[in-house]
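Residue numbers (my numbering), protein chains in the order written: chain A, 248 to 440; chain B, 8 to 165.
Some clues are possibly wrong.
Derived lysine-lysine pairs resembling DSS-like cross-links, with alpha carbons at most 30 Å apart [claimed, not checked]: (1) A:Lys-436 with A:Lys-337; (2) B:Lys-64 with A:Lys-436; (3) A:Lys-436 with B:Lys-50; (4) B:Lys-50 with B:Lys-64; (5) B:Lys-64 with A:Lys-337.
Quick caveat, the hints were computed from the structure, so don't treat them as lab data.
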Amino acid sequence: MNSRTEKTLLDRIRGGDDSGFEYLVAAHSSRTLALAWRLVGNREDAEDIAQDAFLRLHRSLGGFRGDSSIATWLHRTVTHLAIDHLRRRKLRDKIFFFRRSNEEVDPMEFVPDSGASPGEHLFAGEIRQRLDRAMLRLSARQRVVFTLRHYEEMPLREIAALLELEEGTVKSHLHRAVRILRQELQDLKGESS
Amino acid sequence: MSQSPRISSCRPENLTLFHYGELDSAGRLQVEEHLQGCAACRKELAELRSDLGMLPKKDLDFSPRQIREFNQRVSRLRPLHRWPLRPAVGWSLAAATAVLLVMTLKSPVPEWLPVDQGTSPQISESPKSLPDPELLLNMELIENLDLLQELEGMGTRG
Chain A
248 MNSRTEKTLL DRIRGGDDSG FEYLVAAHSS RTLALAWRLV GNREDAEDIA
298 QDAFLRLHRS LGGFRGDSSI ATWLHRTVTH LAIDHLRRRK LRDKIFFFRR
348 SNEEVDPMEF VPDSGASPGE HLFAGEIRQR LDRAMLRLSA RQRVVFTLRH
398 YEEMPLREIA ALLELEEGTV KSHLHRAVRI LRQELQDLKG ESS
Chain B
8 MSQSPRISSC RPENLTLFHY GELDSAGRLQ VEEHLQGCAA CRKELAELRS
58 DLGMLPKKDL DFSPRQIREF NQRVSRLRPL HRWPLRPAVG WSLAAATAVL
108 LVMTLKSPVP EWLPVDQGTS PQISESPKSL PDPELLLNME LIENLDLLQE
158 LEGMGTRG
């Protein structure tokens, strides 16, 4: 959606056109949901976060000055909501010793490669479980930095701006996240070759 | 471990940044030069790339039906108020609020208010007696304990 279309849409919404907001949601929901899912690793939580982001957007539209695009605004809001969510989840797990490692994996989260053999499917499943387990070991920021850089391919400079952190801090988060993920995959390496 | 003449030490963090293309041109050049003379770092970089290559491609796309349901839910949940208030309406409301506030402040103190402030209950608590935000957070978490235990007992996801 280009900025002109977006501005027209915002004017329509501010003028009381309900369909304008629905159009806005339809235009951005797919990407917003996918980002939230990648960040928190759980579909239900991702839907809650994306929903919260859209409702916040709705509340903010009256004063939306257009300094950033709606997509950027949603991206930033979802990222911050995801960090809050991950921190709360980590704290909850610590307080109640409530282990989620085995519950975290949602078999529907990944689309299997249709050309893969059963053995490859099994191996891919094992890697996914390890990845989920490793993700739980990461701090909220490490996880978000890694996801944004590795999966969203967002430059670290932009991630630093998004998270309001020094670029050097973001670099350290990325490196530590990669190191933890590699540790978790260590003993699988022999099997893959 | 052999070393390049310009780089005296191996820095794994730089290899991560090198892999992701996050070094500036000078840093990239330094790492490239270092790699030429350091077999250990060449091996480490190859393993890093292999490990990251093992990670699944997360094709986390919601189905069109799921997205449609989500869109409908958000549209249903959004507040029904209209914004922004038109300036005239906004100013009228502000003026009415100001008049009400002035009238309230100018009205005499009701006689039924307790005179003895020493023994009467305070209307507002002092800031010191407000609950600690961290305590509130922990209380909120504790309130969730029952739910979590119940879910755990049911064998469903938390």
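Does A:Lys-337 lie within 30 Å of A:Lys-436 when you go C-alpha to C-alpha?
-> Cα-Cα ~29 Å, so holds.
Hint consistency between B:Lys-64 and A:Lys-337 [alpha-carbon to alpha-carbon, up to 30 Å] | holds (25 Å)
Holds or violated: are the alpha carbons of A:Lys-436 and B:Lys-50 at most 30 Å from each other?
-> holds (14 Å)
Are the Cα positions of B:Lys-50 and B:Lys-64 separated by 30 Å at most?
-> holds (24 Å)
30 Å Cα cutoff - pair B:Lys-64, A:Lys-436 | holds (17 Å)
Checked against the numbered hints given earlier, the structure satisfies every one of them.
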